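> Keeping their order, the protein sequence lines are chains A and B.
Taking the working numbering, the leading residue of the first sequence gets 1, the next gets one more, and so forth.
Taking the working numbering, the leading residue of the second sequence gets 1001, the next gets one more, and so forth.
Please keep in mind that the hints were generated in silico from the structure rather than gathered at the bench.
Hints should not be assumed to be uniformly reliable.
A few chain A residues that face chain B, going by a derived Cβ cut-off under 8 Å, partial list only [stated by the list, open to error]:
hint: 1; residue: Trp36
hint: 2; residue: Pro87
hint: 3; residue: Leu93
hint: 4; residue: Leu166
hint: 5; residue: Leu168
hint: 6; residue: Arg172
hint: 7; residue: Tyr183
hint: 8; residue: Leu194
hint: 9; residue: Met208
hint: 10; residue: Val233
hint: 11; residue: Ala234
hint: 12; residue: Leu255
hint: 13; residue: Thr259
hint: 14; residue: Leu265
From the structure, some residues in chain B lie toward chain A, with a derived Cβ separation under 7 Å [what the hints assert, rightly or not]:
hint: 15; residue: Val1073
hint: 16; residue: Gly1075
hint: 17; residue: Gly1076
hint: 18; residue: Arg1077
hint: 19; residue: Asp1081
hint: 20; residue: Ala1084
hint: 21; residue: Phe1092
hint: 22; residue: Leu1099
hint: 23; residue: Leu1107
hint: 24; residue: Pro1307
hint: 25; residue: Ile1310
hint: 26; residue: Ala1332
hint: 27; residue: Leu1333
hint: 28; residue: Thr1337
Small disclaimer: the values here were computed from a predicted structure and weren't measured.
For each residue, glycine too, the CB sits at the ideal point set by N, CA and C.
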Amino acid sequence: MLALAGVAIFLGLEGLPAITASSEQLGADNVVLYVWPLLFGTILAALLALLVAAPLSIALALVISHYAPRRMARPIGYVVDLLAAVPSVVYGLWGIQFFGPRLVPLYEWLEDHLGFLPFFEGPASSTGRTILTASLVLAIMALPIITAICREVFAQTPVLEQEAALALGATRWEMIRLTVLPYSRSGIVSAIMLGLGRALGETMAVAMVLSATGVVTFNLISSVNPSTIAANVALKFPEATGIQVNILIFSGLVLFLVTFLVNFLGRWIGARGQVKGAR
Amino acid sequence: MTTVKEGPARQSGNGTIPVVRPQLPRWAPLLVAGWALAVAVLLMIFLGWGLVGTGATAGLVYLVALPLWSSAVEGGRKAKDRFATGLMWLAFVVAMLPLVTLVWQVLSNGLPVISGQFLTYNMRNVVGEGGGIYHAIMGTVIITLWATLISVPVGVLAAIYLVEYGEEKKLARAVTFLVDVMTGIPSIVAGLFAYALFVIFFGPGVRMGFGGSVALSVLMIPIVVRATEEMLKLVPNELREASYALGVPKWRTVTKVVLPTAMAGIITGVMLAVARVAGETAPLLIIAGDTDSDNFNAFAERMATLPVFIYYSYTQPGVPPEFGQARAWGAALVLITIVMLLNLTARAVSKYFAPKTGR
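Take the sequences, apply the hints, and build the full model.
Okay, here's the thing in structure tokens:
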């Protein structure tokens, strides 16, 4: 049990020598400049993924907890759990061979019709290996986590309150809006934070789907994309030697700190909500 | 609109007021869905759209048409309700699409590759066609076994401490919190951690299967702790009290009463954790590396695993690329089968050997 705490501390301690080593031998400016585009890409991809995944998974959780008939709800829950069990490398395979090419017409359409927005400036990638594709794959991967937590929270809403709302003549949607959603707001936020943590740290799918060049750009559909920290480590590490290894470990530490912060916030909000619910 | 049901009327003061507001018939959503589909298919035929576009149009037409009809007959509130319901189910369909296409892709691309040779040969000196994933399957099994050996004792003991001995102490709360945070560690960071740890002992450029096990167990321990904790909390307190009443010391109560009762649940949790960890790629890519030959010694040299094999076969397929990519799909099918089997067995175990709680 103390080993657990030890492991977490060790992780921090192991990362620290990498910081000093790399910054002394490279100059601090360089390290920051090296990590910044990667951090940007990581956050951009994860946020985009959440933009898609959060509404979808809340709706999915509502379907499971309130809309689907009891007999259907259990199998749907199982299927969503299976979605979580699919290894990330398989998602990458699927994204690069099946999903990416399917999105190319969409990207061309976006470039033609919405090209005046900086996001869709183009030129549209012909392989579909863009940051938007990567985010969509990430969204699919974050979906089961958010859904599972939201489902639990929704199921905890007091039945009496729901029945009271229905008895006052509320429609089902009004019942959900007036009782379920306010009751589970902190739970939803914490679920989304945990999903964000997963999306930030996801490696293989991004490493495979994204054709990365490591620039800072908001253009979502071109073949010139920012890379993410995790994908960058996975792509470069097998060939890295000496000081490159230290830099990659340093970028891993940055990623760890970011996900730590996000997870911490998520748990904290969740815990605060639970206290409120207990009253 | 002849389909509107008139509610029973009641006599009051100056005329009849319907008690029940007019309602759409029960089959209205189905009717509108069929109608929307028909419109979309017509558009597809005339404009030459793809399947995805058609589906999206059908969904949109449904989302607009049903609330409009409903608001004309039933009023705004019901219309909003119908709109929300439609939106929920649409989201459900959208979320299911990736899973369906993924399974279909893996099956259609992977099945033709699977053969006796594919499962029992390794990749040494294979160029082009042929070769197999025996070395990768064995690598995955060995590394996962070691990871289980490390994380199960640590995880179960930690959970026992938390539930039986912790009792709201500061240390227990700190451990719970750390476990929660560890659940969110990105897998690649776990790999980097294992690498950093092994570099200290073995010098730079170290690659070994056992390192992969260490990285995986970092990911696995929190899952095991969580699952075991839940199970131990389910053990009825009466059992513990009965044991204490008979004068049994605490450690014997834990080993002879609490653990056997919770065993099925703990096994389920461990199997789910193994299933989750067996598909991890990133840490193994970093610390275990990849190789073409059999390597059954976890403590020396590079070791191939299924996920890493998939990754390398697809990104560096060799010349000509078709065979490497086909092998990647085949390996993906094998990996998914293993993971799903573990998942299903775990659920079966929890279903049939569930502890008899006094609920």
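> Evaluate each hint against the coordinates.
A quick look at each hint next to the structure:
1. Trp36: Result: violated, 18 Å to nearest chain B Cβ.
2. Pro87: Interface hint status for A:Pro87: holds (3 Å vs cutoff 8 Å).
3. Leu93: holds (6 Å)
4. Leu166: violated (12 Å)
5. Leu168: Violated, because the Cβ-Cβ distance from A:Leu168 to chain B comes to roughly 12 Å (cut-off 8 Å).
6. Arg172: Hint on A:Arg172: holds, closest Cβ of chain B at ~6 Å, below 8 Å.
7. Tyr183: violated (17 Å)
8. Leu194: For A:Leu194, the interface hint holds, since the closest Cβ of chain B sits about 7 Å away, which is under 8 Å.
9. Met208: holds (7 Å)
10. Val233: holds (5 Å)
11. Ala234: holds (5 Å)
12. Leu255: Holds: closest Cβ of chain B sits about 6 Å from A:Leu255, inside 8 Å.
13. Thr259: Given a least distance of 6 Å, the restraint on A:Thr259 holds.
14. Leu265: It is violated, given that the least Cβ distance between A:Leu265 and chain B is near 11 Å, above 8 Å.
15. Val1073: For B:Val1073, the interface hint is violated, since the closest Cβ of chain A sits about 14 Å away, which is over 7 Å.
16. Gly1075: Since the shortest Cβ distance to chain A is 10 Å, the answer is violated.
17. Gly1076: violated (10 Å)
18. Arg1077: With a minimum Cβ separation of about 6 Å from chain A (threshold 7 Å), the hint on B:Arg1077 holds.
19. Asp1081: Constraint on B:Asp1081 satisfied, holds at 4 Å.
20. Ala1084: holds (4 Å)
21. Phe1092: holds (5 Å)
22. Leu1099: holds (5 Å)
23. Leu1107: Hint on B:Leu1107: violated, closest Cβ of chain A at ~12 Å, above 7 Å.
24. Pro1307: With Cβ-Cβ at 5 Å, under 7 Å, it holds.
25. Ile1310: holds (5 Å)
26. Ala1332: holds (5 Å)
27. Leu1333: violated (9 Å)
28. Thr1337: This hint is violated: B:Thr1337 lies away from chain A, its Cβ roughly 11 Å from the closest one there, beyond 7 Å.
Checked against the numbered hints above, the structure violates hints 1, 4, 5, 7, 14, 15, 16, 17, 23, 27, 28; every other hint is satisfied.
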